[in-house]
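Participant: So the chains spell out like this:
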Amino acid sequence: MKPKLIIIYLLIVVVPLALLGGLSVRMARDEQTMMQQRFRELLTEQLRDIDTTLANLLATRERSLQHALELPDFETARLRELVRANLLIRQFFVLDPKGKRVHPPATGPVTATEQDFLERAGQIWKDQQQFYQTSEGASDHGWYVWFWGNGFNLVYWHRNHAGSIVAAEVDRARLMADIVAALPEAGAVNGRIALADSTGTTIYQWGNYVPGPTEQPQTTLALSAPLNSWRLSYFAATTDFNRHAFWPLLTGIGAVGLALTILAIYFYRENTRELRNAMQRVSFVNQVSHELKTPLTNIRLYAELLENELPKTNRHVSVIVAESQRLSRLIANVLRYARPRTLHKAPGNVDSLLLSVIEDFTPALAAKGITVQFTGNTRTAVKFDADALEQIIGNLLSNAEKYAPGHPIEITTQQTGNTTLITIADHGPGIPPGRCADIFKPFYRLSNQLSDGVTGTGIGLTIARDLARQHGGDLTLLPTVTGATFQLQLPS
Amino acid sequence: MAGGTYGVPRIEILDHTLTNFLQTSYHFLTIDLVSWCLVEQKGNQTVMQNKPQLLAVLALALATSVARAEQIKVTTALGRPVLLADERQTTYLKIGLTGFSGTVMERRTPVNVAIVLDRSGSMAGEKLRKTKEAASLAIDRLNSDDIVSVIAFDDKVQVLVPATKVADRASINDAIAHLTPGGSTALFAGVSKGAAEVRKFLDRQRMNRIILLSDGIANVGPSSPSELGDLGASLIKEGISVTTIGVGADFNEDLMTQLARRSDGNHGFAETAQDIARLFNAEFGDILSVVAQEVTVRVRCGDGIRPIRTLGREADITGQTVITTLNQLYANHQKFIMLEVEIPATADGRSRDIASVEVSYANMATHETDRLRSSVAARFTSSQRQVLDHENTDVMAAAIELIAVINNDHALSLRDAGKINEARAALIDNSVFLDSNAERYKSDKLRGYKAENLQQADGLSNEVWSTTRKGMRGGQYSREQQQSY
Chain R
501 MKPKLIIIYL LIVVVPLALL GGLSVRMARD EQTMMQQRFR ELLTEQLRDI
551 DTTLANLLAT RERSLQHALE LPDFETARLR ELVRANLLIR QFFVLDPKGK
601 RVHPPATGPV TATEQDFLER AGQIWKDQQQ FYQTSEGASD HGWYVWFWGN
651 GFNLVYWHRN HAGSIVAAEV DRARLMADIV AALPEAGAVN GRIALADSTG
701 TTIYQWGNYV PGPTEQPQTT LALSAPLNSW RLSYFAATTD FNRHAFWPLL
751 TGIGAVGLAL TILAIYFYRE NTRELRNAMQ RVSFVNQVSH ELKTPLTNIR
801 LYAELLENEL PKTNRHVSVI VAESQRLSRL IANVLRYARP RTLHKAPGNV
851 DSLLLSVIED FTPALAAKGI TVQFTGNTRT AVKFDADALE QIIGNLLSNA
901 EKYAPGHPIE ITTQQTGNTT LITIADHGPG IPPGRCADIF KPFYRLSNQL
951 SDGVTGTGIG LTIARDLARQ HGGDLTLLPT VTGATFQLQL PS
Chain Z
190 MAGGTYGVPR IEILDHTLTN FLQTSYHFLT IDLVSWCLVE QKGNQTVMQN
240 KPQLLAVLAL ALATSVARAE QIKVTTALGR PVLLADERQT TYLKIGLTGF
290 SGTVMERRTP VNVAIVLDRS GSMAGEKLRK TKEAASLAID RLNSDDIVSV
340 IAFDDKVQVL VPATKVADRA SINDAIAHLT PGGSTALFAG VSKGAAEVRK
390 FLDRQRMNRI ILLSDGIANV GPSSPSELGD LGASLIKEGI SVTTIGVGAD
440 FNEDLMTQLA RRSDGNHGFA ETAQDIARLF NAEFGDILSV VAQEVTVRVR
490 CGDGIRPIRT LGREADITGQ TVITTLNQLY ANHQKFIMLE VEIPATADGR
540 SRDIASVEVS YANMATHETD RLRSSVAARF TSSQRQVLDH ENTDVMAAAI
590 ELIAVINNDH ALSLRDAGKI NEARAALIDN SVFLDSNAER YKSDKLRGYK
640 AENLQQADGL SNEVWSTTRK GMRGGQYSRE QQQSY
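Same order as they appear, the protein sequences are chains R and Z. For the first sequence, counting from 1, position 155 maps to 655 in my numbering; every step adds exactly one. For the second sequence, counting from 1, position 184 maps to 373 in my numbering; every step adds exactly one.
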């Protein structure tokens, strides 16, 4: 009983907890995915802001280049002065409308840096087709991206009204320095933002977070043209939300678990207290019954002696004997129910025991107008516990006495094979067909007009059947048209 | 001053009124007069023409004694002012620029300096401690008109002190004191942020400079010597120089010297942490004694004269024209351009205009742009003896030193290629070359460099090469740029 209870109480606690936990974890995971998504969007938004900053920077540079390249003429000295003074122009070239190079001068001396420029940038106007392709369209100015040397190089070109093309090679180092200067410094963000050029080399990075060597960024963003081969990457820790969601979740589940446990313990304690109370009561009844048994035995003994000594007609003594017998049976029933004991079987004659019991009952039955007709058919001895059998028959006769007054009782014994059958049939009101199964349950009492007002404990039949089964036999109710017929089977 | 005695025949002030010109110092005029007299005795025709003008100027200057405004001194001289006739030959033309004394300035040039410090992990300990000390001490030398910013970088960049007037020294020193070592080396970004800080108060009337101190190889962002050099070249266009101080044996001296060279800054090699304070001190000595900025030198060679190359300081050579710029001149300190020119065969007894030089610069004492002009001519003789007698020992010694720098660099390349023995032989050859010329031109500087080369010849083994190489680069750089330290 107890381990089962504990398991039940454990289940009461564990099952809802497990359900709750499972649901919360799933919800948390869903939420985390959502948060992750939103987080990424937020990071991308930040990167977009940076891209805007850089795009503005490029736009400013574009305007100043545009301004610088609006030249009234292409006098070499003026152009060289421009290269010397302009912060963003490393070198530049001028092509006349026919595509012929005007600067660096095609004829006449060139400086060493101009010579370098011709070597590294010559490809641009040697392959003019490509340059014109990218520079065509509605516009008369724009960026031209050119991969050479350290990789990415920018050329800003501008076609003047006469059709000459002026193109400036942007000082790559200067552009990068300006970009670095425009970006935030070390501790500006909690994550880590890195700007990588077209080769994937990090140019600049900031933020407090230190990503692992192989860590993938949360999100990346390509810069706007003309720097569209550059990438911004955002690195950040992912476990943040987990940690945020984990503790409240755990506390919630813990609180519910605690509440359930307290509730379970409360119910368990209530339950065991009731059980204990019931046990105490049973034990109390036992004790009392036991205490009642000894004086009652003496009363019965002396009443019977008195009955023998006094003239037969003395009815008062008979009543005392009958009532004390009834009380004895009651106490025997109570004790038997509370403390089932082992049987002491001994071979004996069933018929003679039955006769003795019937004789004991005769005065009481006669008082209720009941006559007993006994037909004994046993021939061989059967092993049984005399007290137990006496109690079974006594209980059945006592029932008949209570519920079927004024009707005869027929008791028959017979032996078939190894079984001894004792049938006790009355002709009273009988037992309603639907209740036949219930009458053997303890404390069950048929409640109808007839039985109202009849006292009883409701354990007589229970004990009778238990005793029969203890013998290896059974007590059953036989289906009959009128009255109630019980059959007791005993193995030989 | 020996250089002035030959080949400074004419000084012309173009953009000044007579009054302005009279404010030129006695000192300056006197020297020129002496040089004129000496040259005159040698019968140079160009000088003769100018004699009355100079005398008049001297007389006026003596008579008026007006308040004097200093000007830088330009000395243009040939290694051999007297050349062998009837022979195509090369000689060296030295254009020396000497800053005037800072004591005459009403107040010294205010500075706008960004100190960019490497805080990468390798700086931990003694190096970072000394650096902090040196930076704090250096800032103590500034006054409340000066502007300073402090930037620290590892793999990221942090502006510890944004550009600010040196008023609140306590908080600046506090920020430096709390500098802790970090990760790797984002050198390019550090300098870029330093430049951004300098740019906040960029002013032609200030001395604008970045001082970069690093002990490691740049490994985040652009990291090649050429990229950093390009950055320097772009900063000089704004008048910002970068001085680089390399600490220990692990920094990239090529990168550090390129950055300094292209931006006309200084370069120092701190072999141990103890050297950091010395270099900071010397650098601030330079910074606080600036007398001229944005110095542009244009040399126009005479007919038939071909400029071949410059030794040391780089210059743009286009046809007959040579242009170079210097960002700063310091008080009483000479920087020069050494130009190798080819001179066509010329008949005995004739003379030839070799070059005219125009120098413009921002005078930090008067806050005006001054333009000075000078020219130089050579005389031709068939006497070998005369040629050698008239040799300008100052110019020749300076040219020899720069040639020795080229030899030294050649030895460095050999050693880089793993040819230790060849490198050693080249260094020993170089020391012999320096030794014989030191005797000939009585030059202590050449003697000093000879000893350095010999010492370097002993430092080519793998264990010490890294340090020797830094010493070689540093030595080359300071000679090429006529660094004061």
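Since the hints were derived computationally from the structure, they do not count as laboratory data. Where hints are given, some of them may not hold.
Estimated spans, in silico, between C-beta atoms of each pair [as the list claims (entries may be wrong)]:
1. R/Gln623 / Z/Asn470: 45 to 51 Å
2. R/Gly651 / Z/Thr656: 44 to 50 Å
3. Z/Arg358 / R/Ala688: 24 to 30 Å
4. R/Leu587 / Z/Glu295: 27 to 33 Å
5. Z/Arg296 / R/Ala559: 17 to 23 Å
6. Z/Gly314 / R/Asp616: 56 to 62 Å
7. Z/Ser415 / R/Pro748: 52 to 58 Å
8. Z/Phe390 / R/Pro748: 47 to 53 Å
9. R/Glu531 / Z/Ser415: 50 to 56 Å
Since the model is a prediction, treat every value here as computed from it, not as a measurement. The beta-carbon is built from N, C-alpha and C at its ideal position, and this holds for glycine as well.
Participant: Does each hint hold? Answer for all of them.
Facilitator: Consistency of the hints with the structure:
no.: 1; hint: R/Gln623 / Z/Asn470: 45 to 51 Å; verdict: holds, 50 Å
no.: 2; hint: R/Gly651 / Z/Thr656: 44 to 50 Å; verdict: violated, 33 Å
no.: 3; hint: Z/Arg358 / R/Ala688: 24 to 30 Å; verdict: holds, 27 Å
no.: 4; hint: R/Leu587 / Z/Glu295: 27 to 33 Å; verdict: holds, 32 Å
no.: 5; hint: Z/Arg296 / R/Ala559: 17 to 23 Å; verdict: violated, 41 Å
no.: 6; hint: Z/Gly314 / R/Asp616: 56 to 62 Å; verdict: violated, 43 Å
no.: 7; hint: Z/Ser415 / R/Pro748: 52 to 58 Å; verdict: holds, 56 Å
no.: 8; hint: Z/Phe390 / R/Pro748: 47 to 53 Å; verdict: holds, 52 Å
no.: 9; hint: R/Glu531 / Z/Ser415: 50 to 56 Å; verdict: holds, 52 Å
In summary, the structure is inconsistent with hints 2, 5, 6 from the numbered list given earlier, while agreeing with the others.
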